[in-house]
Amino acid sequence: MTLSCYCLKQINGLILDNNSEKQGVNEPELRLVFINYITSNSPIMKASAIANHENSFQSTGLDSDGKKFILTDGTFKISGTEETIQIMNCVRDNGDKSFFYPEETFKKKIALHFTMGYLKGDIATLTKQYVSVPFVIGRNGLIYNLFASKYWSYHLGKTAVGGNTPMSKECVGIEISNIGPLKLIGNNLVTTYSDTDVYCTTAETEFYTRLNSKYRGYDYYATYTDAQYEAIGKLIKFLCAKYNIPKNFLFEPDRYEIMTEPGFKNFSGIVTHVNCRTDKTDIGPAFEWEKVIYMVNSLEIRQVLA
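If you're matching positions, the sequence shown starts at 1 in the working numbering and goes up one per residue.
Quick caveat, the hints were computed from the structure, so don't treat them as lab data.
Treat the hints with care, as some may be off.
[Claimed, not checked] Below are the DSS-like pairs computed for lysine-lysine, each with C-alpha atoms no more than 25 Å apart in a straight line:
{"id": "1", "residue 1": "K150", "residue 2": "K242"}
{"id": "2", "residue 1": "K46", "residue 2": "K77"}
{"id": "3", "residue 1": "K77", "residue 2": "K247"}
{"id": "4", "residue 1": "K247", "residue 2": "K265"}
{"id": "5", "residue 1": "K291", "residue 2": "K247"}
{"id": "6", "residue 1": "K107", "residue 2": "K242"}
{"id": "7", "residue 1": "K150", "residue 2": "K128"}
{"id": "8", "residue 1": "K46", "residue 2": "K107"}
{"id": "9", "residue 1": "K150", "residue 2": "K247"}
{"id": "10", "residue 1": "K67", "residue 2": "K77"}
{"id": "11", "residue 1": "K183", "residue 2": "K242"}
Build the full structure now, drawing on both the sequences and the hints.
Structure follows, in structure tokens:
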């Protein structure tokens, strides 16, 4: 089980998400209880073990809750190009569709997130309680499609600029499997869930990056793999072509800041969770944007003036 970046919390059946609140439950308190719960009930995952973890999901189709998924690989043409993209259809074996709304909505943005978790937990959390996205990208670069991207689910949060419902409807969400911000304790980098949850050591430089200055409270972040960057770039190209979304990226430093409500509402292109929430860290300057922009081959990078 994972505490994802859109803050779905589940503790023994008690749920608080971004589009509903349980009366009398304080969100920060619930988050603390949840973190204590997962760190005492879930195995600690080191970065070096993630490949085997993801291979296990691919071979068994079982998420961290024991739910079974049917995985079917598909190849799709990227409209207007000679390129193709591999996408793994990932659907519940019992046909459960209770985590998204089968309502076609107009799409004008692509919103990037990271999961703050690991693949099996990511899939488990994203297939419950109407907080989800159509695409999850594993560290091995596999793209998992949980539901048709023409439909929608909540993924930005109740405090999102422009409103959770209208913005979630018009943004195609992509979750990148990544543990997110890290804390330095001794020679270890630990997750934000627990000071004993060691992600990697400082010697394992392939698993983390250190920023020159802190971004939203953290200067260490987990890295993404080359396979993920390639998958993200291809998926953005695919979705931009499919929904006629402009290949627009924000300039730095606006790319890492919250946008004004008119700016976010009016923008068409690629955004991230930090552009509509001040309490999020996905996705900031630890992400190698130039790799994705190069892959998307955007000829126009427009500054949003609002």
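Results of checking the hints against the structure:
About 10 Å separates the Cα atoms of K150 and K242, which keeps this hinted pair within 25 Å; it holds. Our distance criterion of 25 Å between C-alpha atoms is broken by K46 and K77, whose separation comes to about 36 Å. With a C-alpha separation of about 18 Å, the suggested pairing of K77 with K247 holds against the 25 Å cut-off. At most 25 Å may separate the alpha-carbon atoms for a hinted pair to count; K247 and K265 meet this at roughly 16 Å.
A distance of roughly 14 Å separates the Cα atoms of K291 and K247; the hinted pair therefore holds under the 25 Å criterion. A distance of roughly 10 Å separates the Cα atoms of K107 and K242; the hinted pair therefore holds under the 25 Å criterion. Straight-line distance between C-alpha atoms of K150 and K128 comes to about 19 Å, which keeps the hinted pair within the 25 Å bound. Proximity of K46 to K107 is assessed by CA-CA distance (about 37 Å); at most 25 Å being required, the pair is judged violated.
A C-alpha spacing of about 18 Å is found between K150 and K247, which places the hinted pair at or below 25 Å, so the restraint holds. A hinted pair counts as satisfied when its Cα atoms are at most 25 Å apart, and K67 with K77 does not qualify at roughly 31 Å. With a C-alpha separation of about 39 Å, the suggested pairing of K183 with K242 is violated against the 25 Å cut-off.
Of the numbered hints stated above, those contradicted by the structure are hints 2, 8, 10 and 11, listed in ascending order.
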